[in-house]
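Start from the sequences and build out the full structure, keeping to the hints where you can.
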Amino acid sequence: MPALIRILTMALIAGVFSAAILALSLKSTLPITEPQKVPFVGGGAPQTHAWQRYHVRFYSMTLLFISFEMEMMFMYPWAVVYVQEGIKAMVEMGMFLTILSIGILYGWREGVFKWQ
Amino acid sequence: MAMRWLSRLAAADAVPVFPVVGENGLAAAENLFLDPRLRPVPSPRHARVLLVLGETGQTLNRQLRRLHDQLSHPRATLWCDAVPDPDFGRATESSDTADAVVEAYRSMFAGAMDTEPDIHPNEPPNEWRGKGTNGQGGDGMMGGTPYGRPMAMTDDDLRDGLQLDAYSATFGPFLPAFPPGLALDITLQGDSIQAVSVSHPPFRQETDHSRTGSLRNLARLLRVLGVPALAARFIAAARKLEDGGTIDLDVLARAFDWSGAMHIIPSDLGSFGGEGRDVRSRVRAWLNIARGRQEPAPLGQPALSFVDLVKGLEWYEAVIVLNSFDNNALRNLCPVENTDDQTEEAPQ
Amino acid sequence: MSMLACVILLLLLIFGTLFAAILDTAIPAWIAGQSGANPLTTPFRRCAQFLAVQRLTTERPDMLNWLLAPAAYLILAGIGLGVVPLSEGLVFIDLQTGLVLWGACEALTVVVVFLHGWSANAPFPLIGAYRYVAIGLPAMLVSMFVVIGVALPAQSLSVSAAVEAQRGLWNIVKQPLGLPLFMLLGLSLTLRGPFDYADPFDLAAGTSAEDSGPLRASWRFARLAMLVSFSTMAATLFLGGHHGPGLPGPLWLALKAAGVMTILVALGHVIARTTPSRMLTLLWVLFLPLSFLDLIIAGVESLP
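Chains as they are written, first to last, in this note's numbering: chain A, 4 to 119; chain W, 7 to 354; chain H, 4 to 307.
Don't read these hints as lab results, they were simulated from the structure.
From a predicted model like this one, the values you see are computed outputs, not experimental measurements.
Just so you know, even glycine gets a beta-carbon here, dropped at the ideal spot from N, CA and C.
A portion of the hints provided could be inaccurate.
[Said to hold, decoys possible] With a straight-line Cα cutoff of 25 angstroms, these simulated SDA-like cross-link-like pairs (lysine to any residue) come out:
#	chain 1	residue 1	chain 2	residue 2
1	W	K317	W	L164
2	H	K177	A	A92
3	A	K91	A	W81
4	A	K117	W	S174
5	W	K317	W	N334
6	A	K91	H	S159
7	W	K246	W	R299
8	A	K117	H	S159
9	A	K117	W	Q200
10	W	K317	A	T51
11	W	K246	H	A32
12	A	K117	H	L285
13	A	K117	A	E74
14	H	K177	H	A164
15	W	K317	A	Q50
16	A	K117	A	W81
[To be verified] One-sided excerpt, in silico: chain A residues whose CB lies under 10 angstroms from chain W:
#	residue
17	T12
18	T36
19	Q119
Structure (structure tokens):
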């Protein structure tokens, strides 16, 4: 599969380039001390780790997003056969989109797009 | 050899400066950064020079020292219009601050000046091996103080009753997005503010209530809104007005409109209750004052306390609200409790 | 043939990144009305300054991901650039489903930016990372509908076919809503201006708040490379790619990409950023229906 090899080649080139930029820092610098490592909050010191059970305020939006993502998956092959299928294909996809758009309307009314 | 060439190239760059603004230092800082040889950076990790402009006071000494240690090497500290701390940095005259900063930066890369060492000892924040046989710290899995920092614990949420982790920290007096000197003890869940209390009020700045003051207030808000280039234009206009020149305010107002700044601020944000007391109306008032169409008026009796104004907002909205007041109004709004730092936890 | 394509791509990437860095210095200086630093030398000096200083870490970071995130970002930019046809028959990654690969690169960018913010184990990067996911996902959705609209007249998911279908008339004329909506994605992918929810000033540089030294060089280079990659893709999908009289294909492509880049950088420095919840609402309620409209226009226009 030459295309895959090409993708990996590009990835390798980009990866090597990035590694080169980082490797330029491997000269001997001063050691990193503990007071330097304190996360920046403007002068204070945080008392806990930042990693936490973060309240993702847009989690209900992501459910709607998944449904549209699945629709996108169906649209990929649909796009290829669209012209030969003609108006029927457009009507079918239109119905699909309309049903999902009702989902957007519902979500909007329920405040899914606000920061909950 | 390559390192020397790299250092020489680096020495010709604009100096990344983290500004620590103290009392009456904000206008000087803004004017200073109009110089193309300096550029202000939002985080001390990005900075080579820590520049203190204006008196920060003894109570914030600990925070300033902690901030100093967070810069990456090579670093230098310069004090301008402030009494320097004997442990680090040098004083500099206010007339040639930019030159002194550039000088310090270049001499660091030329090897003529050493980078500044840490002030604090090289010790982790909590000792290794808390209580318990395995150093887990206390009774069972929770409790006690493990090595380094503990994880955040759950708490009830304001808005929807989920019990997820609450992150508490004092968001410091020297955060560039806040008005200088304002330190808030904030408890965040996600990025919404659950609880806030003022730990240190903002520093007093010489507020000029006339057109230049409004231009500077607008510039500060624009920088928060993500258009620093336009903010620099406003500051340049303000300085030109102060020096006695004339500026074309229509051009500035049009640029302000094109950036969409007025429309993107949500209506009814940071509202005191009642008509015309939210962020949009304050910004509109600043624009009118800048154009000379309106006289500056004091804020009036706030119907809400500061805490109620900010609580429940998302972080960005809260920062916009904080930057929508001018210095006098914000100082009047902040309750002046907890101004001593004895309430700060002792082990770092 | 593929060697030639690879070489041209690398040249495009490197010179495009340099051009983007020059724009990023010159345009804000022009807006601010200041003379500013010399934009031609600033990118080199800034890069040297990043590389010559210490790289810090935080107390308990995820070091592997922190170092890998900029590298992965650059890889995604490279792959995204690789599917673009440089001339008739000259493509480096010649896939029948090039547009799907591009969509995958967009999606993975959200992951990469999130990793960059999460790995530092500090409050501001973490908030920036989560906030970016909220905006990056719907922005990607808008762009994919627009890209499918481009695929309709081409009857294929390959980028070469999309360019071929523009032989008569460019897509920016046939599907006028496409390019503006696609530009929104560009701003989001490269963390610029009104969509810069990952590295904003109010979060003290967000996911980059704890970066220092060579990590900053790496991240910034990846961001600019993604700008190049996106602009080239936009020029390919909407501005006819390598079609053009006189000059060779790759040169036309570079010129069109440079134009798109200039517009993007200018937009990024002029338009203010709204609050995340408002932007989320705008994306879902305004821009997504507009992309449906664009799809309908494309569909009606492609039917014989």
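Okay, the hints, checked on the actual structure:
The hinted pair formed by K317 (chain W) and L164 (chain W) meets the criterion: a straight-line CA distance of about 9 angstroms does not exceed 25 angstroms. Straight-line distance between C-alpha atoms of K177 (chain H) and A92 (chain A) comes to about 20 angstroms, which keeps the hinted pair within the 25 angstroms bound. Distance hint between K91 (chain A) and W81 (chain A) is fulfilled; the C-alpha atoms sit about 11 angstroms from each other, no more than 25 angstroms. Between K117 (chain A) and S174 (chain W), the direct Cα distance comes to roughly 23 angstroms. Compliance with the 25 angstroms bound is thereby established for this hinted pair.
With a CA separation close to 21 angstroms, the supplied pair K317 (chain W) and N334 (chain W) stays within the 25 angstroms bound. Taking the CA atoms of K91 (chain A) and S159 (chain H), the gap is about 18 angstroms. The hint holds against a cut of 25 angstroms. Note on K246 (chain W) and R299 (chain W): the hinted pairing holds, with a Cα-Cα distance of about 20 angstroms set against a maximum of 25 angstroms. Restraint check for K117 (chain A) and S159 (chain H): the C-alpha separation of about 38 angstroms exceeds 25 angstroms, so the hint is violated.
Between K117 (chain A) and Q200 (chain W), the direct Cα distance comes to roughly 17 angstroms. Compliance with the 25 angstroms bound is thereby established for this hinted pair. A threshold of 25 angstroms between alpha carbons decides the hint, and for K317 (chain W) with T51 (chain A) the separation of about 21 angstroms falls inside it, so the pair holds. For the hint pairing K246 (chain W) with A32 (chain H), the CA-to-CA distance comes to about 18 angstroms; that is within 25 angstroms, so the pair holds. The suggested pairing of K117 (chain A) with L285 (chain H) holds, with an alpha-carbon distance near 11 angstroms, which does not exceed 25 angstroms.
Distance restraint check for K117 (chain A) and E74 (chain A): the Cα-Cα separation of roughly 23 angstroms lies within the 25 angstroms cut-off, and the hinted pair is therefore satisfied. Restraint check for K177 (chain H) and A164 (chain H): the C-alpha separation of about 16 angstroms stays at or below 25 angstroms, so the hint holds. Restraint check for K317 (chain W) and Q50 (chain A): the C-alpha separation of about 21 angstroms stays at or below 25 angstroms, so the hint holds. Distance check on the hinted pair: K117 (chain A) and W81 (chain A) sit about 33 angstroms apart at the alpha-carbon level, beyond 25 angstroms; violated.
The beta carbon of T12 (chain A) is not positioned within 10 angstroms of any beta carbon in chain W (closest approach about 28 angstroms), and the interface hint is therefore violated. With 10 angstroms as the threshold, the beta carbon of T36 (chain A) comes within range of chain W, its nearest partner Cβ sitting at about 4 angstroms, so the hint holds. Among the interface hints, the one on Q119 (chain A) holds; its C-beta lies about 6 angstroms from the nearest C-beta in chain W, closer than the 10 angstroms criterion.
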